[in-house]
Amino acid sequence: MSTRKLLVSAAIVGLALGSSAAVAQKKYDPGASDTEIKIGNIMPYSGPASAYGTIGKTAAAYIKKINEEGGVNGRKINFISVDDGYSPPKTVEMARQLVEQDQVLLIWGPLGTPPNSAIQKYMNAKKVPQLHVYTGATKWNDPQHFPWTMGWQPSYQAEARNYAAHILKTKPDAKIAVLYQNDDYGKDYLKGFEDGLGAKAKTMIIAKASYETSDPTIDSQIVQLQGSGANVFFNITTPKFAAQAIRKAYDIGWKPVQYLNSVSASIGSVLTPAGLEKSVGIISATYLKDPQDLEWANDKGMNEWRDFMKKYYPDGKLTDVFNVSGYGAAQTLVQVLKQCGDNLTRENVMKQAANLKNFELNVLLPGIKINTSPTDFAPIEAEQLARFDGKEWVRFGEIIGK
Amino acid sequence: MTPASTALSAPVSAASGKLRYLGYAVLLLAVCALPFLVSNYRTFQLTLVLVYAIALLGLNILTGYNGQISLGHGAFYAIGAYVAAILMDKFGVPYYLTVPVAGVVCLGVGFLFGLPALRLEGLYLALATFGLGVSMPQLLKDKHLEHWTGGVQGIVILKPDPPFGLPINQDQWLYYFTLAVMLLMFLLGWNLLRGRVGRSLIAIRDQPIAAEAMGVNNALYKSLAFGVSAMFTGVAGALGAIAVQFVAPDSFNIFLSITFLIGIVIGGLASIPGAIYGALFIQFVPNIADQLSKAAPWAIYGVFMIGFMYVMPVGVAGAIRIALARIRHRTKGGGGSQKS
Numbered sequence: 004m005s006t007r008k009l010l011v012s013a014a015i016v017g018l019a020l021g022s023s024a025a026v027a028q029k030k031y032d033p034g035a036s037d038t039e040i041k042i043g044n045i046m047p048y049s050g051p052a053s054a055y056g057t058i059g060k061t062a063a064a065y066i067k068k069i070n071e072e073g074g075v076n077g078r079k080i081n082f083i084s085v086d087d088g089y090s091p092p093k094t095v096e097m098a099r100q101l102v103e104q105d106q107v108l109l110i111w112g113p114l115g116t117p118p119n120s121a122i123q124k125y126m127n128a129k130k131v132p133q134l135h136v137y138t139g140a141t142k143w144n145d146p147q148h149f150p151w152t153m154g155w156q157p158s159y160q161a162e163a164r165n166y167a168a169h170i171l172k173t174k175p176d177a178k179i180a181v182l183y184q185n186d187d188y189g190k191d192y193l194k195g196f197e198d199g200l201g202a203k204a205k206t207m208i209i210a211k212a213s214y215e216t217s218d219p220t221i222d223s224q225i226v227q228l229q230g231s232g233a234n235v236f237f238n239i240t241t242p243k244f245a246a247q248a249i250r251k252a253y254d255i256g257w258k259p260v261q262y263l264n265s266v267s268a269s270i271g272s273v274l275t276p277a278g279l280e281k282s283v284g285i286i287s288a289t290y291l292k293d294p295q296d297l298e299w300a301n302d303k304g305m306n307e308w309r310d311f312m313k314k315y316y317p318d319g320k321l322t323d324v325f326n327v328s329g330y331g332a333a334q335t336l337v338q339v340l341k342q343c344g345d346n347l348t349r350e351n352v353m354k355q356a357a358n359l360k361n362f363e364l365n366v367l368l369p370g371i372k373i374n375t376s377p378t379d380f381a382p383i384e385a386e387q388l389a390r391f392d393g394k395e396w397v398r399f400g401e402i403i404g405k
Numbered sequence: 459m460t461p462a463s464t465a466l467s468a469p470v471s472a473a474s475g476k477l478r479y480l481g482y483a484v485l486l487l488a489v490c491a492l493p494f495l496v497s498n499y500r501t502f503q504l505t506l507v508l509v510y511a512i513a514l515l516g517l518n519i520l521t522g523y524n525g526q527i528s529l530g531h532g533a534f535y536a537i538g539a540y541v542a543a544i545l546m547d548k549f550g551v552p553y554y555l556t557v558p559v560a561g562v563v564c565l566g567v568g569f570l571f572g573l574p575a576l577r578l579e580g581l582y583l584a585l586a587t588f589g590l591g592v593s594m595p596q597l598l599k600d601k602h603l604e605h606w607t608g609g610v611q612g613i614v615i616l617k618p619d620p621p622f623g624l625p626i627n628q629d630q631w632l633y634y635f636t637l638a639v640m641l642l643m644f645l646l647g648w649n650l651l652r653g654r655v656g657r658s659l660i661a662i663r664d665q666p667i668a669a670e671a672m673g674v675n676n677a678l679y680k681s682l683a684f685g686v687s688a689m690f691t692g693v694a695g696a697l698g699a700i701a702v703q704f705v706a707p708d709s710f711n712i713f714l715s716i717t718f719l720i721g722i723v724i725g726g727l728a729s730i731p732g733a734i735y736g737a738l739f740i741q742f743v744p745n746i747a748d749q750l751s752k753a754a755p756w757a758i759y760g761v762f763m764i765g766f767m768y769v770m771p772v773g774v775a776g777a778i779r780i781a782l783a784r785i786r787h788r789t790k791g792g793g794g795s796q797k798s
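Going down the list, the sequences are from chains A and B. So our numbering is basically just the index in the first sequence, starting at one, shifted up by 3. So our numbering is basically just the index in the second sequence, starting at one, shifted up by 458.
Simulated from the structure, these hints should not be mistaken for laboratory data. Heads up, a few of these hints could be off.
[Unchecked claim] With a straight-line Cα cutoff of 30 angstroms, these simulated DSS-like cross-link-like pairs (lysine-lysine) come out:
1. A:Lys-178 x B:Lys-601
2. A:Lys-30 x A:Lys-360
3. B:Lys-752 x A:Lys-41
4. A:Lys-60 x B:Lys-752
[As the list claims (entries may be wrong)] Derived CB-CB ranges, DEER-like:
5. B:Leu-486 x A:Glu-72: 43 to 49 angstroms
6. B:Leu-486 x A:Asp-345: 28 to 34 angstroms
7. B:Arg-654 x A:Gln-106: 51 to 57 angstroms
[As the list claims (entries may be wrong)] From chain A, some residues computed to sit far from chain B (all C-beta separations above 10 angstroms):
8. Glu-72
9. Val-95
10. Glu-96
11. Asp-186
12. Glu-215
13. Asn-361
14. Asn-365
15. Arg-390
The beta carbon of each residue, even a glycine, is placed where N, CA and C say it ideally should be.
Taking the hints into account, I'd like the entire structure generated from these sequences.
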């Protein structure tokens with residue numbers, strides 16, 4: 004090769020190396036660019052779990068706020084939120100559409116155990132983050148087999164074990180009836196509960212009834228459970244059915260000690276439709292500051308939330324803890340994106356998601372912090388029990404868990 | 459309901475026959491080239507079009523050619539899908555073997571359903587099939603079958619890889635696989651319908667008493683029609699399950715059965731190409747409606763349906779046939795030959 008050609012080739016190679024070094028700091032996967040980060044989200048805006056749709060709206064409102072304040076590291080977030088109606092086949096279709104047609108960087112906060120179960124293998128096969136899934140099923144904390152899937156809420160099994168421990172302590176001779184949704188979410192809670200009761204599970208749980216999300220009502224299951232003579236009721240239901248269960252139990256004169264799973268512990272979405280006076284005495288677990296709790300009436304963090312709601316999501320209920328939850332989860336997403344800096348590859352998103360150390364949200368109960376690591380894909384693990392007194396959730400006992 | 463019964467006309471002359479075959483060859487080449495010209499997601503959608511085309515041909519054999527209305531074909535689609543999914547997931551059967559097995563199972567189930575259905579006509583048969591379609595999702599969620607069906611969570615299956623290390627991706631391979639099965643099924647259907655069986659089915663549809671008097675065994679042919687129709691739809695269900703990689707009871711609700719009926723009516727009753735037009739409609743029009751209106755996509759879908767029915771009352775296939783006949787009539791001048 005002539006000297007001139009050699010010099011030209013060397014110059015070109017040098018230029019290429021130089022320019023690649025210059026852009027080496029900025030790495031993008033599909034969905035990310037200098038100006039935008041595309042994020043997909045799947046929520047049940049319609050169908051049997053539509054009460055949760057408000058979480059998606061709160062998150063979208065928070066993203067809007069972040070964008071108005073300049074975005075994350077100078078990039079605006081394009082939040083594409085679609086409806087799956089809590090129907091797994093629709094979730095599969097939407098996930099494919101978001102990943103392959105809309106080319107999002109990641110899917111954030113898809114809601115529901117059955118919907119997420121349906122897309123877990125696909126997301127991991129495609130190596131697209133399935134981040135902060137909105138369900139507490141224990142199986143999302145499995146970085147070894149599903150490194151692209153991570154949850155956010157405390158695990159259902161841990162929560163159910165807390166209830167079991169409380170029953171064993173306060174009512175060791177209880178006769179327990181359980182109502183559960185017949186899918187992975189319901190069975191996850193049930194397993195944790197039975198594990199928590201240990202050897203006494205078989206003798207203490209005297210009645211179990213299940214329902215499908217396609218059932219119009221669960222009245223007959225409640226009547227059946229009352230007929231068993233139980234004096235403790237573990238209510239594993241999603242909001243629409245929780246409200247029905249609480250109301251029916253009261254109406255037929257059944258007054259057991261009721262433990263309600265945290266996914267339905269919203270005053271605005273569940274207890275008010277059920278009837279506040281019918282919900283007195285219900286015990287649940289919480290990790291978020293409840294908006295009705297007088298203790299947080301003048302709390303700085305909660306006031307920030309209230310101001311945010313009034314400005315960006317005025318239609319959202321200020322009595323609904325789901326809106327606090329969506330706000331907190333969205334803040335966690337923004338923190339992960341901030342930590343990514345200019346390296347917006349999917350791999351780095353998961354790496355930063357697994358690298359949250361003592362991250363505090365001003366809407367989490369004091370003492371609860373978010374921690375993740377490559378072997379710990381459970382951001383929030385601690386909770387506290389609370390009892391409803393007709394107006395608000397009154398917390399009692401200590402914060403349980405890490 | 460009297461759609462044209464001669465959808466399988468012979469070519470008018472030898473020359474136009476050769477031209478027709480050339481046309482088909484060009485069409486086939488274009489169809490084969492598609493996966494390389496469009497995105498993977500579009501290829502996936504086109505694979506579903508092929509799947510629906512097989513299902514619609516199945517329903518058309520029963521409803522279009524034989525006059526038995528079925529509002530429950532989603533159930534056969536579901537059975538085919540679950541047979542494939544369970545065989546692949548629980549028994550490790552390779553995907554290509556699940557398709558014929560699904561077909562055979564549905565042939566049996568369809569025939570068995572067709573036997574008692576012999577007593578029913580018109581609306582009553584429609585209601586009976588509706589009952590089948592509406593109960594299928596709940597049957598699939600039944601606790602006793604959960605161990606097999608996976609309950610409401612459904613079954614996730616893995617996408618097959620292209621064989622022999624072909625340099626195409628999984629979506630493209632699935633497209634060709636489905637295309638091959640579709641061509642085979644269409645050939646089967648065409649062969650069945652253009653011969654004695656086809657004529658018997660049409661005779662039973664138009665004049666059942668006369669057909670019986672002419673020696674057609676109504677009971678046998680009507681049940682067979684159910685069986686064969688279910689077989690086609692079952693094969694489609696199996697292919698659909700493999701393409702989507704997921705089966706769950708809620709995928710196969712009553713709306714699917716109604717969608718199939720919409721497909722054959724809009725595509726063209728008693729028409730083999732009608733199945734393809736219908737499949738294109740039911741796959742793409744909901745997406746178009748969604749893009750046109752986020753708030754009321756189904757209203758837009760309804761407008762499309764009504765529009766199609768108004769403009770093309772004999773379906774797309776019928777409209778094309780009429781248009782072609784008019785062109786032929788005009789090019790032949792005042793000679794006025796019969797439309798074929």
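How the hints compare with the structure:
| no. | hint | result |
| --- | --- | --- |
| 1 | A:Lys-178 x B:Lys-601 | holds, 25 angstroms |
| 2 | A:Lys-30 x A:Lys-360 | holds, 24 angstroms |
| 3 | B:Lys-752 x A:Lys-41 | holds, 20 angstroms |
| 4 | A:Lys-60 x B:Lys-752 | holds, 15 angstroms |
| 5 | B:Leu-486 x A:Glu-72: 43 to 49 angstroms | violated, 57 angstroms |
| 6 | B:Leu-486 x A:Asp-345: 28 to 34 angstroms | violated, 49 angstroms |
| 7 | B:Arg-654 x A:Gln-106: 51 to 57 angstroms | holds, 54 angstroms |
| 8 | Glu-72 | holds, 27 angstroms |
| 9 | Val-95 | violated, 5 angstroms |
| 10 | Glu-96 | violated, 8 angstroms |
| 11 | Asp-186 | violated, 5 angstroms |
| 12 | Glu-215 | violated, 6 angstroms |
| 13 | Asn-361 | holds, 35 angstroms |
| 14 | Asn-365 | holds, 34 angstroms |
| 15 | Arg-390 | holds, 32 angstroms |
This entry does not satisfy hints 5, 6, 9, 10, 11 and 12, going by the numbered hints stated previously.
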